[in-house]
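So the chains spell out like this:
Protein chains: 2
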Amino acid sequence: MKCVRCRAKPEVHLRAHNAAFCRSCYLEYFRRQVERAVRRQRMLAPSDRVLVAVSGGKDSLALWDILVRLGYEADGLYLGLGIGEYSDRSGDAARAFAAQRGWTLLEVDLRDTYGFDVPGGAQAIRRVPCSACGMSKRHVFNDAARSNGYDVLATGHNLDDEAAVLLGNVLRWETGYLGRQHPVLPEAEGFVRKVKPLVRLSERELAAYCVLTGIDYIVEECPMAAGNRHLGYKELLNGIEERSPGTKAAFLFGFLERGHERFAGDAVEEREDLHPCPECGSPTPGDVCGFCRLRARATRSIPVEAIGAQVPEATP
Amino acid sequence: MKCVRCRAKPEVHLRAHNAAFCRSCYLEYFRRQVERAVRRQRMLAPSDRVLVAVSGGKDSLALWDILVRLGYEADGLYLGLGIGEYSDRSGDAARAFAAQRGWTLLEVDLRDTYGFDVPGGAQAIRRVPCSACGMSKRHVFNDAARSNGYDVLATGHNLDDEAAVLLGNVLRWETGYLGRQHPVLPEAEGFVRKVKPLVRLSERELAAYCVLTGIDYIVEECPMAAGNRHLGYKELLNGIEERSPGTKAAFLFGFLERGHERFAGDAVEEREDLHPCPECGSPTPGDVCGFCRLRARATRSIPVEAIGAQVPEATP
Numbered sequence: 283m284k285c286v287r288c289r290a291k292p293e294v295h296l297r298a299h300n301a302a303f304c305r306s307c308y309l310e311y312f313r314r315q316v317e318r319a320v321r322r323q324r325m326l327a328p329s330d331r332v333l334v335a336v337s338g339g340k341d342s343l344a345l346w347d348i349l350v351r352l353g354y355e356a357d358g359l360y361l362g363l364g365i366g367e368y369s370d371r372s373g374d375a376a377r378a379f380a381a382q383r384g385w386t387l388l389e390v391d392l393r394d395t396y397g398f399d400v401p402g403g404a405q406a407i408r409r410v411p412c413s414a415c416g417m418s419k420r421h422v423f424n425d426a427a428r429s430n431g432y433d434v435l436a437t438g439h440n441l442d443d444e445a446a447v448l449l450g451n452v453l454r455w456e457t458g459y460l461g462r463q464h465p466v467l468p469e470a471e472g473f474v475r476k477v478k479p480l481v482r483l484s485e486r487e488l489a490a491y492c493v494l495t496g497i498d499y500i501v502e503e504c505p506m507a508a509g510n511r512h513l514g515y516k517e518l519l520n521g522i523e524e525r526s527p528g529t530k531a532a533f534l535f536g537f538l539e540r541g542h543e544r545f546a547g548d549a550v551e552e553r554e555d556l557h558p559c560p561e562c563g564s565p566t567p568g569d570v571c572g573f574c575r576l577r578a579r580a581t582r583s584i585p586v587e588a589i590g591a592q593v594p595e596a597t598p
Numbered sequence: 283m284k285c286v287r288c289r290a291k292p293e294v295h296l297r298a299h300n301a302a303f304c305r306s307c308y309l310e311y312f313r314r315q316v317e318r319a320v321r322r323q324r325m326l327a328p329s330d331r332v333l334v335a336v337s338g339g340k341d342s343l344a345l346w347d348i349l350v351r352l353g354y355e356a357d358g359l360y361l362g363l364g365i366g367e368y369s370d371r372s373g374d375a376a377r378a379f380a381a382q383r384g385w386t387l388l389e390v391d392l393r394d395t396y397g398f399d400v401p402g403g404a405q406a407i408r409r410v411p412c413s414a415c416g417m418s419k420r421h422v423f424n425d426a427a428r429s430n431g432y433d434v435l436a437t438g439h440n441l442d443d444e445a446a447v448l449l450g451n452v453l454r455w456e457t458g459y460l461g462r463q464h465p466v467l468p469e470a471e472g473f474v475r476k477v478k479p480l481v482r483l484s485e486r487e488l489a490a491y492c493v494l495t496g497i498d499y500i501v502e503e504c505p506m507a508a509g510n511r512h513l514g515y516k517e518l519l520n521g522i523e524e525r526s527p528g529t530k531a532a533f534l535f536g537f538l539e540r541g542h543e544r545f546a547g548d549a550v551e552e553r554e555d556l557h558p559c560p561e562c563g564s565p566t567p568g569d570v571c572g573f574c575r576l577r578a579r580a581t582r583s584i585p586v587e588a589i590g591a592q593v594p595e596a597t598p
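These protein sequence lines map, in sequence, to chains A and B.
Take 283 as the starting number for the first sequence in this note's numbering and just add one per residue.
Take 283 as the starting number for the second sequence in this note's numbering and just add one per residue.
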């Protein structure tokens, strides 16, 4: 097979599209996929100030890179999760990427700012680490974007991620989550807009982009995620994709075209029940928000000497 | 673990229910699951004449057995598909089951009555055998039930079947199929009611019922189905079920409770577009119905000497 656009020798083969591309045509294809996602879903306006959540992995670095290439004013945000050497190396990758380009990278460290880390938080609430991690990211990303005057938070969720989340939501028919699963969540009281511009691109396509553009990312996956449900769903979808290329895209985009709307009402209902958390002001359906409860539990259970003097003892 | 009902030594362990049963309590549990499905979905009235589609496998024989035990007037229908020795053996199993009990078994042979068999039909329309088989069963089952005065057609689809079909429909967001996927399809112009009373029971539970009640079924799976998509989805769900027992039931019943209704309108629209097939009178969205097109193609492509003199040459 030759490059489907210019007939040159191909460097990237895409089974789901039954296509192959040379280097420059691949980069053009990639760029167009992001442009299309942004345009079709009205993710970004040219004047938007965008904050990109950056982990040091291929998805988030590619996202930051392509958004700047497309002309957006985009800064990065790195959240230190305190997951041992994995966090050290991912922070280094994010910082090196930003420094090489002279781009602005905001940094928040969960332990320095909130007094706990993901492993400690998970232990304190007796949930899997991914649960404490997701809760922390949602809170800190939104909070950092709002308090620094950004219009939009962009995350590097790709096609594989979104399809796996969708599978999990569908297997349990989580109607509220299905109503909320969309590449754009519009701004609302207490929430900045959230967008996922990489939703049309697979994990392999992201890796190819980084390799071809020389983006130096951390290949290592988070050690705490090993064996989690989400990765199980990814594997499962990879198995189906292997047999029927294009299944993942048909699953996700079929949902967005013909499924999502039917569940949107459930998410609106949930959102209408929100009010400000008395601790931090973030919208929450309960009394104190999930993140503040996590933080309160985690900062009680970690010995004070281990986290230094920054963190006051939480009152019971 | 002891029998959860009577504390006796258990014979059947059900991981999805985190339960175990002795023989008699298992049979009681099984009966109640069928009763519950029939009652909750209003599948059958006491006076209904029921036709059970019987393949000779565990599901359909168990279904016939339990419906008679529950007091319904239920006869069997065996459709000869012409799939070599597999069909011979499945026919034998169905006939032996009926004869032992003195129950009425109607028989239709695809080749004798319609002039083709499943392998020939599939070849003629260049589709997988399961496609020709499904088309034939849908047509013949409905036709046999109507022309013999039955109120309802009952099929042995179990939880594993339905969950696998649901997964396939959801992966492609086939909204019409999702709207039609229900354990009861009400009677309509040209259609008898169709019910699936085993929808709460897994493949393993069906096998256990047959073993405990001495039902002699054909264990062999259809050789033409090997490697098909549906079996792939079943395997896949078995993999998830292994890790999270109860997933299949949550998936299917979550859909029926919180998903199906949202797609029902799509099925109604499809049904409203139906009109009688000019060849056979069955409802069809197109001109000639799928089954008559299959039959026309198949009876043209099979050499006349191979099917004897019963079948007139189809006019082009």
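These are calculated hints, taken from the structure and not from any lab test.
Honestly, I wouldn't trust all of these hints.
Which copy is meant is left open, so a pair is good if it fits within one copy or across any two.
What the hints assert, rightly or not - Derived lysine to any residue pairs resembling SDA-like cross-links, with alpha carbons at most 20 Å apart:
| # | residue 1 | residue 2 |
| --- | --- | --- |
| 1 | Lys-516 | Gly-353 |
| 2 | Lys-419 | Glu-561 |
| 3 | Lys-284 | Ala-327 |
| 4 | Lys-291 | Ala-319 |
| 5 | Lys-284 | Thr-386 |
| 6 | Lys-516 | Gly-450 |
| 7 | Lys-284 | Ser-526 |
| 8 | Lys-291 | Ala-426 |
| 9 | Lys-284 | Leu-518 |
| 10 | Lys-419 | Ala-507 |
| 11 | Lys-419 | Glu-543 |
| 12 | Lys-516 | Ser-526 |
These are the hints, each one checked on the structure:
no.: 1; hint: Lys-516 with Gly-353; in the structure: neither (32 Å within a copy, 47 Å between copies)
no.: 2; hint: Lys-419 with Glu-561; in the structure: within (17 Å within a copy, 63 Å between copies)
no.: 3; hint: Lys-284 with Ala-327; in the structure: neither (36 Å within a copy, 64 Å between copies)
no.: 4; hint: Lys-291 with Ala-319; in the structure: neither (28 Å within a copy, 60 Å between copies)
no.: 5; hint: Lys-284 with Thr-386; in the structure: neither (40 Å within a copy, 64 Å between copies)
no.: 6; hint: Lys-516 with Gly-450; in the structure: both (10 Å within a copy, 17 Å between copies)
no.: 7; hint: Lys-284 with Ser-526; in the structure: neither (22 Å within a copy, 45 Å between copies)
no.: 8; hint: Lys-291 with Ala-426; in the structure: neither (45 Å within a copy, 60 Å between copies)
no.: 9; hint: Lys-284 with Leu-518; in the structure: neither (30 Å within a copy, 35 Å between copies)
no.: 10; hint: Lys-419 with Ala-507; in the structure: within (15 Å within a copy, 46 Å between copies)
no.: 11; hint: Lys-419 with Glu-543; in the structure: neither (26 Å within a copy, 35 Å between copies)
no.: 12; hint: Lys-516 with Ser-526; in the structure: both (15 Å within a copy, 16 Å between copies)
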